[in-house]
Structure formats: C-alpha cells, structure tokens
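Here are the chains, one letter per residue:
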Amino acid sequence: MEMNSATVVKCLDLIADAIHEQRQYLTDLDAAIGDGDHGINMDRGFSTVRTRLEGSSEKNIGAVLKLVGSTLVSTVGGASGPLYGTAFLRAGTALEGKETLTLDDICEAMDAAVAGIMQRGKAATNEKTMLDALVPAQQAMHKAQADGASIALAVQRAADAADAGVKATIPMLATKGRASYLGERSIGHPDPGATSSALMLRIVANALAA
Amino acid sequence: MEMNSATVVKCLDLIADAIHEQRQYLTDLDAAIGDGDHGINMDRGFSTVRTRLEGSSEKNIGAVLKLVGSTLVSTVGGASGPLYGTAFLRAGTALEGKETLTLDDICEAMDAAVAGIMQRGKAATNEKTMLDALVPAQQAMHKAQADGASIALAVQRAADAADAGVKATIPMLATKGRASYLGERSIGHPDPGATSSALMLRIVANALAA
Amino acid sequence: MKKLINSVDNVVKEEMEGIAAAHSDLVRVDVANMIVIRADAPIKGKVGVISGGGSGHEPMHGGFVGLGMLDAACAGHVFTSPVPDQMQIATKAVNGGAGVLHIVKNYTGDIMNFEIAAELAQADGINVESVIINDDVAVQDSLYTAGRRGVGATVLAEKIVGALAESKADLHTVAEMCRKVNSMGRSMGMALTSCTVPAAGKPTFDLGEDEMEIGIGIHGEPGRKRMKLASADEITEMLTMPVVEDLGLKQGDHVIAMVNGMGGTPLIELYIIYRKLDEILKGMGVGIARKLIGNYITSLEMAGCSITLVKADDEMIKLWDAPVHTAGLRWGV
Amino acid sequence: MKKLINSVDNVVKEEMEGIAAAHSDLVRVDVANMIVIRADAPIKGKVGVISGGGSGHEPMHGGFVGLGMLDAACAGHVFTSPVPDQMQIATKAVNGGAGVLHIVKNYTGDIMNFEIAAELAQADGINVESVIINDDVAVQDSLYTAGRRGVGATVLAEKIVGALAESKADLHTVAEMCRKVNSMGRSMGMALTSCTVPAAGKPTFDLGEDEMEIGIGIHGEPGRKRMKLASADEITEMLTMPVVEDLGLKQGDHVIAMVNGMGGTPLIELYIIYRKLDEILKGMGVGIARKLIGNYITSLEMAGCSITLVKADDEMIKLWDAPVHTAGLRWGV
Ligand SMILES: Nc1ncnc2c1ncn2[C@@H]1O[C@H](COP(=O)(O)OP(=O)(O)O)[C@@H](O)[C@H]1O
Ligand SMILES: Nc1ncnc2c1ncn2[C@@H]1O[C@H](COP(=O)(O)OP(=O)(O)O)[C@@H](O)[C@H]1O
Ligand SMILES: [Mg+2]
Ligand SMILES: [Mg+2]
Ligand SMILES: [Mg+2]
Ligand SMILES: [Mg+2]
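Residue numbers (my numbering), protein chains in the order written: chain A, 1 to 210; chain D, 1 to 210; chain Z, 1 to 333; chain S, 1 to 333.
No lab work stands behind these hints, which were simulated from the structure alone.
Treat the hints with care, as some may be off.
[What the hints assert, rightly or not] Chain S residues, not near chain A, derived (Cβ > 10 angstroms throughout):
(1) Lys13
(2) Glu17
(3) Val31
(4) Asp40
(5) Ala98
(6) Gly109
(7) Ile116
(8) Glu211
(9) Gly217
(10) Ser231
(11) Glu234
(12) Glu279
[Claimed, not checked] Now the stretches of chain S that chain A is said to cover, found in silico as 3 or more residues with beta-carbon under 8 angstroms:
(13) 79-89
(14) 133-140
(15) 145-151
(16) 187-201
Glycine included, each C-beta is placed from N, C-alpha and C at the ideal position.
Isolated chain A, as found in the complex (with noise of 0.2 angstroms):
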C-alpha cells in the first residue's frame, strides 16, 4: 500500500466509521468518568471530516492533515477537539509539501502531534489521558523505525503499545480533565481519550495490513 493521500485519506474515512461505530461505547467510558459526551462528540468531529474530504483529490498529505486538524477544532467541542485538533495540526505542518510517506516521516508527524497535545492541554503521562495511549505508540513507532522495520509493521506495533496503553489507564488516577474530578472514584476505569486514541491507530494498523 502506497503512503501517499489517497491512503491516509482512505485510513481517515475508516477512523469515522469506526469511531461512529464506537460511538456508544466510547460515549459510555465517558459517562463512567466523565460527562457522556465523548463518543458524541469524536463522531461529530470525524462525520464532518469524511464530508470535507469526499472527492479530495489534494495530493498534499500535510494539507490534508491540516484541514482534518482545523474540522476537529471546529465541530468536536469538549476537551477532545482541542486536543485532536492540535494534534492533527501540528502533524500536517510537520509534513507540509508531502505526497507520500516514510516511517521517517510518520514519526516526525506522531512527535509533533504528541507535542502539540501536552501543549495544549499541559498534561504529561500517568494522568489517565489520551497521552497515556498515544505515548507509548510513539515510542514503540520510534523502536521500529530504529529496528529497521516496515510502515505497517511500525503502526501495528504502536497500535498494539497504545491498546497495553488504554489497559494501563484503568488503576490510574485521573489527574488531568474531568475525570480529575471524581479523585479515587476514576480508578478502574479506562480513559475514553486513550480509548478512542488507540481505536484510530487500531484502524491504520489494519488497513496498513490489509
């Protein structure tokens, strides 16, 4: 499979079938912790996305990324779209000009979007957010990108470090967002955002391997 726009806008259309999919389940982590709102929202944001990019023929892998990063800013809403879009953002700019893809290139991308989430939302790991998925998919991307080893083989095993991820979060505290709130009660439950994070890598994983 050629790492060029038609694949990565091929990967997002399948992230907004599944994160629609997922919807409810996603939505009911965050009523658990949260304020049930989190799949709604994803599925808004993803839905807008799949109708911007319909018929795209944009060969700039960057730009794609950016306008997927801008739609999320403007019609996810809650702590996510922030977040996602930012994330989204900063990996577009990071490949600005881009038609297809390296490993090199995709890590440079995950860094900044990784990046570009602390930022905004002042978190680090360990306090039960997406960050504790999509951190350690980072450094697993990086590990196979130093083994030498293949795009899919390199965003499967991210996908597979961001599923150990969201399975970490459950005995967390929640320190960060609004599942901060309820103290020890958020302990033993997974975290909708690192949820949702390791379903969109999930989804680039299977269609890399397809």
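On the provided structure of chain A, position chains D, Z and S with the ligands as indicated by the hints.
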C-alpha cells in the same frame, strides 16, 4: 350501649383510628381518579378532632358534633373538608342540646348532614361522590326507623347500604369533583369520598353492635 | 421518593419559613396559618387582591405576592385547598377599605373553602368579590364535569388584575377585569412523568417509558388521554390548537403567551416548545405581544409543560407592562 | 428517555431558534454558529463581555445576554465546550473598541477552546482578557486535579462584571473585578438524580432509590461522594460548611447567596434549603445581603441543588443592584 355524648366521642375516636389505618388506601383510591390526597386530608382532620375531644366532658351532643364540623372545616382542606365539615355542623345544629339520642334524632341528624353536603357541593346522587354512599345509608336508616328497629340495627343497615353504595360508584362516570376531569376514565374506580363515608358508618355500626 | 425535604409533615411550613427568610423586604409570612402577606399591606384605598390553593404549584401563589400583583396568598397542604380560616385572616390583613377580590381556581375544594371564607368576611363587614378562573380547555365545560379547571391563566390574571388594583381602581372594576382575563384565557397541559405528593410517598400515576399524558391538571392528577410519546412539535400542536379554536383566535389578534414548565422540565425544552408555538401563531397571523417562558404554575417535580394564551387588548398589555416586584415576577422596578 | 424535543441532533439549534423568536427585543441569534448576541451590540466604548460553554445549563449563558450582563454567549452541544470559531465571531460582534473580556469556566475543554479563540482574536487585533472561574470547593485545588470547576459563581460574576462594563469601566478594571468575584466566590452542589444527554439516550450515572451524590459538577458527571439520602437540613449543612470554611467567612461578613436548582428540583424544595442556609449563616453572624433562589445554572433535568456564596463588599453589592434586562434576570428596568 347508651347513646350519650360519651358514646358519640368513643365512636369519633374509633373513626379517627380507622381513618388513620386506611389512610394509604383512601389516598391510593384518590390517586387513581383524583390528586392522591384524600386519606392524608381525612387523617389530618380526624387526628385533630381526636385531640380536641380528648378529656371532653361535653354532655351536649350537638356541641360535640359542631366542634367536629368546625375542626374539619379548619383542618382537612380540599373538597372533603367543607363537605364533611358542613355535614357535622348541620347534624350538630339538629341535635343542639340533646344529651342522649333516639333513632329519630339520628335520622334527623343524618338528613341535615346529607342536605348540607348537597347544598355545599351542589351535587346529587349518581355523580360518583360521597352522596352515593350517604344517601342509600340515609334511606336505609329511615326504613329501619319505620320498621321500629334498634339504633344498632339501623346503623348496621345504613353501613350495609353505604358499602353497596360504594360498589355502585365503580361503574359510575364522575360528573363532580376532581374525578370528573377524567371523563370516561373515571369509570371502573370506587369513589374515595364514598369509601370514607362508608368506613365511618361501618365503624359506628360495629361500635354499637359490640 | 427522593426530595430535598426534612419531614413529610413540615414541607409547607418550612417552605413558608424559607420564604419569610428570603423575602422579608417584600412579604411578611404568617407561618402558623400558612399565609404570605405583602409587607406593606393593607394599603389604604387599594383593593386587596388575594388568592390561594394547594401548595406544590410554586412560585404560584406565594411567589406572586408584592407590588403590582397579589396582596396575600393562602397555602394549603400539597395539592389540598386551603381552609376558610386562612382566607378570612388574609382578607382582613389586606383590606384597605376598598374591599377585597378573591381569585379562585375552579376546583371543588377551592370553590367551597373560598365560599365559606367569603361568607365569614361579609359577616366581618368586608366587601368581597370572587372571580373563578376556569381556563383549562382539556376539560369539557358541560353539565357532566365540575367545569374547567383553573390553570395557567391564573398567573396572567394575577399580574394584570394586580396592576389595575395598584392604580386604585374600585373593586367592581378590578373584579370585571379579572373576569375579562379569564374569559380571554385558555390553557392546556401535558405530562411526561407524574409527581409525588410527599405525604403519599409514591407517584400519583405511572407513565410508561414511551408514554405521555395529554390534558393533565396541576395537581398531578391523570389527564384526558394517555398516548405514545410524541415530538415537541407534535405536542405543541396538540396543546395549541384546542386553545386557539376555543378562543376563536383569528388573523390580527394579539395574545399574551405563556409556555410553562410543570417543575421538572428544563428551560432548553421550553424554548423548543416556544419555537413551535411562535411558528403556529405566526402562520395564523396572530401576534404574540408579550410572553412568559419558565416555571410559573407547577406540579412539584412533574416533567411536562402547559401553554396558556390570553387574547389581549391594549389596556391589558399596558397593565401587563406595569411594574411588578414579587419573588416570582419582577420588572419595571 | 422522555424529553420535549424533536430530534436529538437539533436540540440546541431549535433552542436557539426559540430564544430568537422569544427575545428579539433583547438579543439577535446566530443560529448557524449557536451564538446569542445582545441586540444592540457592539456598544461603542463599552468593554464587551462574553462567555460560553456546553448547552444544558439554561438559563446560563444565553439567558444572561442583555443590558447589564453579557454581550454574547457561545453555546456548545449539550455538555460540550463551544469551538474557537464561535468565540472568535462573538468577540468581533461585541467589540466596541474597548476590548473584550472572556469569562471562562474552569473545564479543560472550555479553557483550551477559549485559549485558541483568544489567540485568533489577538490576530484580529482585538484586545482580549480572559478570567477563569473556579469556585467549586467539591474539587481539591491541587496538582492532582484539573483544578476547581467553574459553577455557581459564574452567574454572580456575569451580573456584577456586566454592570461594571455597562458603566464604561476599562477592560483591565472589568477583568480585575471578575477575578475578585471569583476569588470571593465558592460553591458546592449535590444531586438526587442524574440527567440524560439527549445524544447519549440514557442517564450519565445511576443513583439508587435511597442514594444521593455530593459534590457533583454541572455536566451530569458523578461527584465526590455517593451517600445515603439525607434530610434537606443535613444536605444544606454538607454544602454550606465547606464553602464557609474555604472562604474563611466570619462574623460581620456579608454575602450574596444563591440557592440554585439543577433543573428538575421544584422551588418548594429550594426554599426549604434556603431556610437552613439562612439559619446557618445567621448563627455565624454572616449577613445575606442579596439572594437568588431558583434554576440559574442547571444540568438538564437533574434533581438536586447547589449553594454559592460570594463574599461581597459595598461596591459589589452596588453593581449587583444595577439594572439588568436579560431573559434569565431582570430588575431595575
Ligand atoms: N489536559 C488534558 N490533556 C490530554 N488529554 C486530555 C486532557 N483533558 C482531557 N483529556 C482527554 O479528553 C477526553 C475527554 O474528552 P471529551 O469527553 O470529548 O471532552 P470533555 O471532557 O470536555 O467532555 C479524556 O478522556 C482525556 O483522554
Ligand atoms: N361536589 C361534590 N359533592 C359531593 N362530594 C364531592 C364533591 N366534590 C368532591 N366530592 C368528594 O370529595 C372526594 C375527594 O376529596 P379530597 O381528595 O379530599 O378533595 P380534593 O378533590 O380537593 O383533593 C371525592 O372522592 C368525592 O367523594
Ligand atoms: Mg466528556
Ligand atoms: Mg384529592
Ligand atoms: Mg386535593
Ligand atoms: Mg463535555
């Protein structure tokens, strides 16, 4: 059992107990076709009657019944307050100065009470109200009087007629009081006021038969 | 039953104490007799305007005592008419020598208790006129019912009549205006849930997860028809059309409109109802001159709404706009 | 899920259309962007005051747009922060050349979306100051949380700050007053029931028939402690004491007090809560200078209440008394 003020007060105490026991039942009946407060209203009234009659050495049965009537008017509220209050006030006026009662006296008091209710409530029989228990009871009492029956037997027959009257309210369409707002949907339910009237007559009948 | 109360028996008493604590600038409260009285009553030369009814409809009536509206409000127990003694005390407390108007909602209990009170007041030498409010179109006004219930129009009447009394109009004029507002007012309500009388401890009626009750009264009693849940627009249509037809509203008429919450319905849903009401009336060329949107005459925590329209002329709108300063309504001051 | 709505997706849009239909004298509504704007905005020389947040808290914020309070309110989807584009449009719409104040409740989503909007506004050449409201004592303000939530004090701040802006004070002065109100304001809430986000279709959390949640926020999210249902007095104590202690209130202090309903609690219960609040504060020699009792910052149809106290000096009370004319609050005009 001598029909003096002591007996009348004894009967009123027993009525207060019975109303308190049947409080939830009367309220449930009123919830079906009214606003769910008849048992609560009656219990409030008759518990105040009991307190006011405690240790009363009033010989004049008329005065006792007028005290009951004014107490009910001032405490029950709703539709049943003015109705039962007026009934007891009129009965008391009819028995003004009497220290013992004959069946004639009781019939006279009953007539005054029923007339008071009709005047205050502007209702007739077959409108699914307390009258559909009290009027049959009144008629049964007059028949017993004509047959030369004892007071105990007359009240017994009145209580039986009242019970039959309550059953007769079940198929009736309510055309007075809150139940009338339900139109046909009031059919199939016994009237709460008729039920409390029959209850009171039954208590007195049992007391006199004991 | 989950409520923010202490003991079932003290609900109204403690509410009265709360009103006294909160609004001592506007009212004085006779807690023992459960009466809210305007702080500066009696006002010499002004017709005293009183009303009353079972508690559980807040802010009505105690929340409408003050400048430009009621002079006193008698509170019965929850959903139970107040007793004559209360109206007698209230009538004396507000009598500024110009007589007293009793605004009575058409419920058998209210009618009879106010009737006895009016008899007592005449015996006290106070001139009393009574006006019965019966604006609920859900009940057929025929020989076969206790007549139409008094619901939403009561709130609008108390405001308009209160303003006229404030202007020192005489008792008959004030009473006639109240009759006029009643004759020009129609309402209909609906419920998504029942409500629980504290002393009863459980809901007065049960509604299924997909059911609603059309034509409910304000005492939590069941309504005319139980139906499958419909959309906000369909419900607005079901409530508005009978009111419009009964009032005979036509092109060029103006109304004062109230979209009222029954106590447990959030404002976001009332604005969605108002949106459709506005659309329906605009479509008929009927103008909404003034409006109230919120919880004004409720049934404890019942989820649902009611729509009230009063066909209004310029004088009624002028009286509507007059200053009012009560806990439940305030403008112009 | 029983609500008076048409379709789950159009709840906020139709609410906006209802507000536009009802209050065209007070506001103009940009339905597409879900923004309520003061009808006469921008007002030359006046600091523009805007706020915003997830919908479902009505009347906050859209119900507080108008004379003496907010110039614009951005509505997100239910319980979801609005997006930067909305605040950017609102900031431009209210900019009378004296800069714009953003009143931001302390939620991660609100903070970040308003932050992006402030960056965009600076890029548009508009001077913006932002003040974060974080008055909820139920959340420990430590390194280990996202900080205290912005709840009841937001309403009081919008009134006081709105009045100061109306008097043409400059942006920094207005922002400083907002910070002062925030520093002097503390709140705590509780819930008897959860509420249902229309799009989710079922309650955010479940409470047993004899359970209550202490320390809930305003987004229907669970609170600090789940407990057995207590009496109204005990609950008032549980909400008031942490607020009093955190504020360090002492004899001779004066407060503006709000007993707020969460949307599904009737007024009769709020007055029972106010009764005990008044008793507690009187016992400590703390005076209640002004008060609000009713549904001002809600969570859809949630049953429950919150208590907010703002320690007030004479200037703040003067600004509180200044005229206000919005859908949710009106006095002095
Ligand atoms: N400061 C933060 N940094 C990183 N991620 C965060 C932060 N705050 C919240 N999140 C993420 O956002 C998710 C919640 O998103 P969502 O429910 O859409 O927003 P909201 O909490 O405003 O309702 C959380 O599960 C968490 O992963
Ligand atoms: N006009 C009337 N005449 C006679 N009885 C009536 C009339 N209206 C109501 N009632 C009686 O009152 C009873 C209801 O009493 P209650 O529930 O205490 O009053 P409310 O209807 O005001 O809540 C009815 O069951 C009926 O028997
Ligand atoms: Mg959320
Ligand atoms: Mg009843
Ligand atoms: Mg009643
Ligand atoms: Mg949210």
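Each hint, compared with the structure:
Non-interface call for S/Lys13 relative to chain A: holds, since the shortest CB-CB distance, roughly 13 angstroms, exceeds 10 angstroms. With a minimum CB-CB distance of about 20 angstroms to chain A, S/Glu17 clears the 10 angstroms threshold, and the non-interface call stands. In this structure S/Val31 is separated from chain A by more than 10 angstroms, as the shortest Cβ-Cβ distance comes to about 16 angstroms. The Cβ of S/Asp40 sits about 28 angstroms from the closest Cβ of chain A, beyond the 10 angstroms cut-off, so the non-interface label holds.
Every beta carbon of chain A lies more than 10 angstroms from that of S/Ala98, the smallest distance being close to 28 angstroms; the non-interface claim holds. Not every CB of chain A is more than 10 angstroms from the CB of S/Gly109 (nearest about 4 angstroms), against its label as outside the interface. At roughly 6 angstroms, the least C-beta separation between S/Ile116 and chain A is not larger than 10 angstroms, which violates its mark as non-interface. Every C-beta of chain A lies more than 10 angstroms from that of S/Glu211, the closest at about 14 angstroms, which supports listing it as non-interface.
Residue placement check: S/Gly217 does not keep its beta carbon more than 10 angstroms from all beta carbons of chain A (closest about 6 angstroms). The Cβ of S/Ser231 sits about 24 angstroms from the closest Cβ of chain A, beyond the 10 angstroms cut-off, so the non-interface label holds. Listed as outside the interface, S/Glu234 is consistent with that label: its C-beta sits roughly 22 angstroms from the nearest C-beta of chain A, beyond the 10 angstroms cut-off. The Cβ of S/Glu279 sits about 30 angstroms from the closest Cβ of chain A, beyond the 10 angstroms cut-off, so the non-interface label holds.
Residue count for the stretch 79-89 of chain S with a Cβ under 8 angstroms from a Cβ of chain A: 7. That meets the three needed, and the coverage hint holds. A stretch counts as covered by a chain when three or more of its residues have a beta carbon under 8 angstroms from one of that chain; for the stretch 133-140 of chain S and chain A the count is 3, and the coverage holds. With 3 residues carrying a beta carbon less than 8 angstroms from a beta carbon of chain A, the stretch 145-151 of chain S meets the three-residue requirement, and the given coverage holds. Requiring three or more residues with a Cβ within less than 8 angstroms of a Cβ of chain A, the coverage given for the stretch 187-201 of chain S holds, as 3 such residues are present.
Checked against the numbered hints given earlier, the structure breaks hints 6, 7, 9 and satisfies all the rest.
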